[in-house]
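First residue of the sequence shown? That's 1 in UniProt numbering, and the numbers climb one at a time after it.
Just so you know, these hints were derived from the structure itself, not from any lab.
Restricting the straight-line Cα-Cα distance to at most 20 Å, the calculated cross-link-like pairs of lysine to aspartate or glutamate (DMTMM-like) are:
1) 250 to 37
2) 250 to 204
3) 250 to 26
4) 250 to 207
5) 250 to 32
6) 250 to 240
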Amino acid sequence: MKKIARVLFIAALAIGLSGCIGTPIELTPQTEQRLHEQPPIRFLLTFDDGPSASSIWNPSLEVLDALADNPVQPGIKAVFFLQTRSPRAGGSDIGRSVMHREQQEGHVLAFHTATYWHTNHRFLSPDELEQSLTQGGSDIAAMTGAPPSLVRPPFWSFDRRTAAAYRQHGLHILLTDLSANDGKVWGITMSPRRRINLTRQLSEVRERIAAGQLPAVDGVIPVVVTFHDINRYTARHAREYLQILLDSAKATGLRTAARPFYDDRQALERAALARTVDHSAEPVHLPGLWDWLWDSDSH
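Let's have the full structure, built from the sequences with the hints guiding it.
Now the structure itself:
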């Protein structure tokens, strides 16, 4: 009965979350005029929680295949925020082989956590956090030859203490502008309203772009998008998501660069670093319910 109740709860929550998605913000003539004064956008793709350690149809590998070969822009590069010590991720032989392929194919390997589970860093003791940061940095440096420069805290949750620890390890916090809502926090893997969800979020980002709140890097404005490469649904629909992002830009009145996605590792890392959070007290913008959850955080 408990299992049935849990399934019903998850289903109700999924329906509720999808129902919370509002319509895109209307593009006004004033906003359209201000957009003409801004550079085009380029989508900066990020993936959390990998690499997958699955030996049966590995979703992380499917995502890599889609980025390399797709009808939108072949050779797309992304930032992968890694769980380097989880036995179901980078703590496995399969996971490490996926990380090696990500490095070889020109993606950016970044730090998510080196804990056994996907644990909120704010709940770790200072010694546990230091151990995770040291081990994770070493794991990634062993692959790339240099320690990582980017971190995405699990659940996007950080405070002054954890932010200071990140800085001591040379890590810069990268959050997100758009979320595919494909995380598995609630046991939900599918995204039945993925198109309207991304379009709605991008309309909100458009307002910030029109107000001049997002920086331009190398002549374009990086818009950070978050997926989870361990999600099989995401992996199966990875190529479709690329087209949805382009369609959402058109629907919201945003111009995309001639190359709408990053395809150069150095340019990708420059853009990502420009979008990081400088201080723990800096106002945080996260899409959807994450903003509400973040506001209720002890940060």
